[in-house]
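Enquirer: Residues per chain, in single letters:
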Amino acid sequence: MPQRSSPKRFHDISHLFLSKSGYHKSPREQHVEACVWLAVLNRSLNRAYLAAGTGVAFAQQQMHVSLLEIGRGLPNIGYYFARVPSAYIVPTLDETFVLSGRWNSSLVFVSAVALRYLSRFKLESDLDGFPHIIVEAFTYPIDTDERNFFIELAENTARISGCGECHRMAPDGLVIFGDGGDVTNILSTIRAFAPETQVFLAQYEGSTEIEATVHERIPMPVRLGTTMSRRMPPTETFFADLASTVLQVLSYRRKGIERNAFSG
Amino acid sequence: MPSVDERMPGIVRIAERIVPVEVWRLFLIFCREILRLSHTMSIEVAPFEVRFHDTSGFLVRVLPYRELFVVSLGAPSQCDVRVSTTDGYISALDIALQHFLAMRSSSKAKGISS
Chain A
1 MPQRSSPKRF HDISHLFLSK SGYHKSPREQ HVEACVWLAV LNRSLNRAYL
51 AAGTGVAFAQ QQMHVSLLEI GRGLPNIGYY FARVPSAYIV PTLDETFVLS
101 GRWNSSLVFV SAVALRYLSR FKLESDLDGF PHIIVEAFTY PIDTDERNFF
151 IELAENTARI SGCGECHRMA PDGLVIFGDG GDVTNILSTI RAFAPETQVF
201 LAQYEGSTEI EATVHERIPM PVRLGTTMSR RMPPTETFFA DLASTVLQVL
251 SYRRKGIERN AFSG
Chain B
1001 MPSVDERMPG IVRIAERIVP VEVWRLFLIF CREILRLSHT MSIEVAPFEV
1051 RFHDTSGFLV RVLPYRELFV VSLGAPSQCD VRVSTTDGYI SALDIALQHF
1101 LAMRSSSKAK GISS
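Chains as they are written, first to last, in my numbering: chain A, 1 to 264; chain B, 1001 to 1114.
In case anyone wonders, no lab produced these hints; they're calculated from the structure.
Hints may contain errors.
Said to hold, decoys possible - Heads up, incomplete: computed chain B residues facing chain A, CB under 10 Å, no partners named:
#	residue
1	V1019
2	P1020
3	V1021
4	E1033
5	R1036
6	L1037
7	D1087
8	L1097
9	A1102
10	S1107
As the list claims (entries may be wrong) - Some chain B residues flagged as far from chain A (calculated, every beta-carbon gap over 12 Å):
#	residue
11	I1014
12	E1016
13	H1039
14	E1044
15	V1045
16	H1053
17	G1074
18	A1075
19	C1079
20	D1080
21	S1084
22	M1103
Stated by the list, open to error - So these bits of chain A aren't anywhere near chain B, every CB distance computed over 12 Å:
#	residue
23	T96
24	S100
25	R102
26	P219
C-beta: ideal position from N, C-alpha, C; glycine also.
Make the full structure from the sequences, and use the hints.
Expert: Structure below.
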């Protein structure tokens, strides 16, 4: 059983990703993909802040990141990727507007009020041989039919991944930010929809631990968010730790190791 | 907690004093987006203004007039923005959002939960 050591960077462990029959991988030969959903449960949490921080943290692990945000309300990730107000505020006036852009050579982002507006949207992403990860953030509970939302999101993921063989791509990982009864609800839904998805629960330190079977619990600092007003992605160490943990767990799972040094 | 839409009727009533349809629309959208900023956002509809405040200390007053509306941040007012066009709406909402996020950040730094 591997011993716990300092979190490895993804390129140190990417060789552990193995093809698995029935698992929908991109047809691009040397291109490894993973998909992670971010569900922001508590409405007091800043979805865009968490999404931007997580996306950039994955990019810093030598990955190409396609970051998608679905949901209403400000701020959206356009704020944190320094888009001018006349760009990131447009969805409040025209909900069909899809905000998109590139942060650097490693991260492209898209934000839309609802999934249906992404159906014909083409994501531009160069994949220069680096592993590609798709990160999709949304607010939970969903204000539409939940199971349909997950199905449509999985279809959207398949379309973005370029996987011509599959109509849907379930997430490799689901990170739940928040606490309360909604944790139980989303766990129930994801387990029915995609039982192989690895689930991570990020709760504030010191909050009542929720009875829930998840693969990894990641404590969120109570003071997470002190840079919330800055027009740039957050760089708190929490996000680097989160990305590293998620990638480690996913890599062990790909190798077929059911349990790792971190689970109970 | 009532939904955003459920909290709009009082705002719709006070918006009736705005004459230009486009400004009226921008007023309603602005108020809706402020409500969406936080699930703890409180709203008071007074005879001549709508007041939004949050547990973080964020406060904004929106005052509808015949041809425009004024967005006033903080108490005492730190910034007033007159809105009669889409550009004015965008500026006002951007400033209000940044003010809200600054108040939230400050609460976080003090270890105050929200």
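Enquirer: If a hint holds in the structure, say so; if it does not, say that too.
Expert: Checked hints:
The interface hint given for V1019 of chain B is broken, as the beta carbon of that residue sits about 20 Å from the closest beta carbon of chain A, more than 10 Å. A hinted interface residue such as P1020 of chain B counts as satisfied when its beta carbon comes closer than 10 Å to some beta carbon of chain A; here the least separation is about 16 Å, so the hint is violated. With 10 Å as the threshold, the beta carbon of V1021 of chain B stays out of range of chain A, its nearest partner Cβ sitting at about 14 Å, so the hint is violated. Restraint check, E1033 of chain B versus chain A: the minimum CB separation of about 5 Å is within 10 Å; hint holds.
With a least beta-carbon distance of about 4 Å to chain A, the hint placing R1036 of chain B at the interface is held under the 10 Å criterion. Hint status for L1037 of chain B: holds, given a least beta-carbon distance of 7 Å to chain A, under 10 Å. With 10 Å as the threshold, the beta carbon of D1087 of chain B comes within range of chain A, its nearest partner Cβ sitting at about 8 Å, so the hint holds. Proximity of L1097 of chain B to chain A holds as hinted, the smallest CB-CB distance being about 5 Å (cut-off 10 Å).
At a threshold of 10 Å, the smallest CB-CB gap from A1102 of chain B to chain A is about 4 Å, leaving the interface hint in force. Hint status for S1107 of chain B: holds, given a least beta-carbon distance of 9 Å to chain A, under 10 Å. At the 12 Å boundary, the C-beta of I1014 of chain B stays outside the reach of chain A, the nearest C-beta of that chain being 20 Å off. In this structure E1016 of chain B is separated from chain A by more than 12 Å, as the shortest Cβ-Cβ distance comes to about 21 Å.
Residue placement check: H1039 of chain B does not keep its beta carbon more than 12 Å from all beta carbons of chain A (closest about 4 Å). Taking the minimum C-beta to C-beta distance to chain A, about 21 Å, the non-interface status of E1044 of chain B holds against the 12 Å cut. Here V1045 of chain B stays apart from chain A, with its beta-carbon at least about 21 Å from theirs, past the 12 Å limit. No Cβ of chain A approaches the Cβ of H1053 of chain B within 12 Å, the least distance being about 15 Å, so the stated non-interface status holds.
With 12 Å as the threshold on Cβ separation, the claim that G1074 of chain B sits away from chain A holds: the shortest Cβ distance comes to roughly 14 Å. Here A1075 of chain B stays apart from chain A, with its beta-carbon at least about 19 Å from theirs, past the 12 Å limit. Consistency note on C1079 of chain B: stated as away from chain A, and its beta-carbon is indeed over 12 Å from all of that chain's, at 15 Å minimum. Residue placement check: D1080 of chain B keeps its beta carbon more than 12 Å from all beta carbons of chain A (closest about 18 Å).
Every C-beta of chain A lies more than 12 Å from that of S1084 of chain B, the closest at about 15 Å, which supports listing it as non-interface. At the 12 Å boundary, the C-beta of M1103 of chain B falls inside the reach of chain A, the nearest C-beta of that chain being 9 Å off. For T96 of chain A, the shortest C-beta to C-beta distance to chain B comes to about 15 Å, beyond the 12 Å cut-off, and the non-interface label holds. Distance to chain B confirms S100 of chain A as a non-interface residue, since its nearest Cβ pair spans about 18 Å, more than 12 Å.
The non-interface label for R102 of chain A is consistent with chain B: the shortest C-beta to C-beta separation is roughly 22 Å, beyond 12 Å. With a least beta-carbon separation of about 15 Å from chain B, P219 of chain A lies farther than 12 Å from that chain, consistent with its non-interface assignment.
The structure is inconsistent with the numbered hints 1, 2, 3, 13 and 22, although it conforms to all the rest.
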